[in-house]
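**Student:** Below, each chain spelled out in residue letters.
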Amino acid sequence: MLLIPCPYCGMERPEIEFRNGGEAHIARPADPAATSDAEWAEYLFFRQNPKGVIAERWRHVSGCGRFFNSLRDTVSDRILAVYKAGEPRPDVPPEVSLRA
Amino acid sequence: MRFSFFNVARQALAHNEGWPEQWRSPEPRPSYDAVIVGAGGHGLATAYYMAKEHGLTKIAVLEKGWLGGGNTGRNTTILRSNYLWEESAALYEHALKLWEGLSQELNYNVMYSPRGVMMLAHNIHDVQVAKRHIHANRLAGVDNEWLTPEGAKAFCPILNIARDMRYPIMGAALQRRGGTARHDAVAWGYARAASERGVDIIENCEVKAIRRSADGAVAAVETTRGEIATKKIAVVAAGHTSVVTGMAGVRMPLESYPLQALVSEPVKPAMPCVVMSNTIHAYMSQSDKGEMVIGAGTDAYVSYSQAGGLHIANHTLEAICELFPTVRRLRMLRNWGGVVDVTPDRSPIIGLTPVPGLFVNCGWGTGGFKATPGSGHVFAHTVARGEPHPLAAPFTLDRFRTGRLIDEAAAAAVAH
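Chain order of the listed sequences is V and E.
Last residue of the first sequence? That's 120 in our numbering, and every number before it is there in order.
Last residue of the second sequence? That's 541 in our numbering, and every number before it is there in order.
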């Protein structure tokens, strides 16, 4: 089980307090009428699925209830950084990134 | 050497020291007509049917680890074809028909055991969904029948049908032709039969890059054992599919999750069938060794760790202990995980990609083992002819653009 540091609560809490929201930083197409089927498919279904660092969304459902993002290594499951919703993806220092 | 009564008797008299290796371990050649990435059940079955039915023998199967060491060696060995939609029922039923004759076909005992797969209903919604599946299956020519709680207990005597359970059993759907097979034997049997027909199976050979020619078509794979030229690459890499296709610049609608299983200490035969519960996330069968084989759900997030969270397994064991009170004091011997590639509609992707010469057979998610022979059979046709087999045609990558999804989330039977 992951121990996830919630950036709002400021403490590590067990994974069962959180709901995973999938890959982060996926923007809905701004002009739906002008968006092609292929672009909709890309938005809805296609994901990076990286073997390495993933940026993903979490919601602290059994805590503060707020959304935030994390960077996690999908091989070691080590969480490299957490940051609040709306903040840009941080650059992970190479010494903590296992496969940067 | 064929397995026959005569050969078994002769080798027994010679202290079983005369058996040859079951498959060759050749050095990779500089080029092949087709390269299959991944020597699991699906990849080896693909190679076998390409050699047998399409006359292609200059084929290599590349495996980064050891043969059958991925999800083929990690699954819970359940076979069934009771899927909802016509497209899926046809594909899985094709596989189940091949299972029935597979030991004879391969001259290798895959221990196919049609002991029955029973899927439990715990509430009104479950009953309605199960009956809908039964009617759809029967119209599609797939056997499936409805059992009362008493009928379910008669079929599986250790099942708890008490009315005061947290999730009481209101009935069950039974596919009698479903059952189990020996997972390792499937990989070994296909490897042996494919190798006999000239297919090169190359273990400890990881694909590191895919080279493409000026027109965009695939030209070669770079591996840890050197470069191999080929015009066709068939990716059958389960959880690592998007890693391999990414080498050719192809993005996939896949996410990879750890899926767990557990086995108990071995006990005498107590469990005559497979029992699955979609609603409370548990399924169990008993192996011929006597271990109770239990499947849990996937983790909630993308991971390649091959180890799921303990709370997921715990959740499943709570359900198992309520369904089968007699196993409460059994100790668990092993718990492991495999990385499964899950599509948005829980149906596989079999076919061509935007890159000429690059084929994929992936997205089997939490339930690919049951499809092994059918998957290999239709994918061999697809790769050899360069166009989808009729049964594979609905399962294109393009369906995510057109919207013709084949939603089997209810039939997948595993929480994810």
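Since the hints were derived computationally from the structure, they do not count as laboratory data.
All C-beta atoms, glycine included, are put in the ideal place defined by N, C-alpha and C.
Careful: at least some of the hints might be erroneous.
[What the hints assert, rightly or not] Cβ-to-Cβ under 7 Å is the rule here; a few derived chain V residues that face chain E:
id, residue
1, Glu37
2, Asn40
3, Ala61
4, His80
**Student:** Take the hints in turn and mark each one as holding or not.
**Tutor:** We went through each hint and held it up to the structure:
1. Glu37: violated (11 Å)
2. Asn40: With a minimum Cβ separation of about 4 Å from chain E (threshold 7 Å), the hint on asparagine 40/V holds.
3. Ala61: holds (4 Å)
4. His80: Violated, about 14 Å.
Of the numbered hints given earlier, the model fails hints 1 and 4; all others are met.
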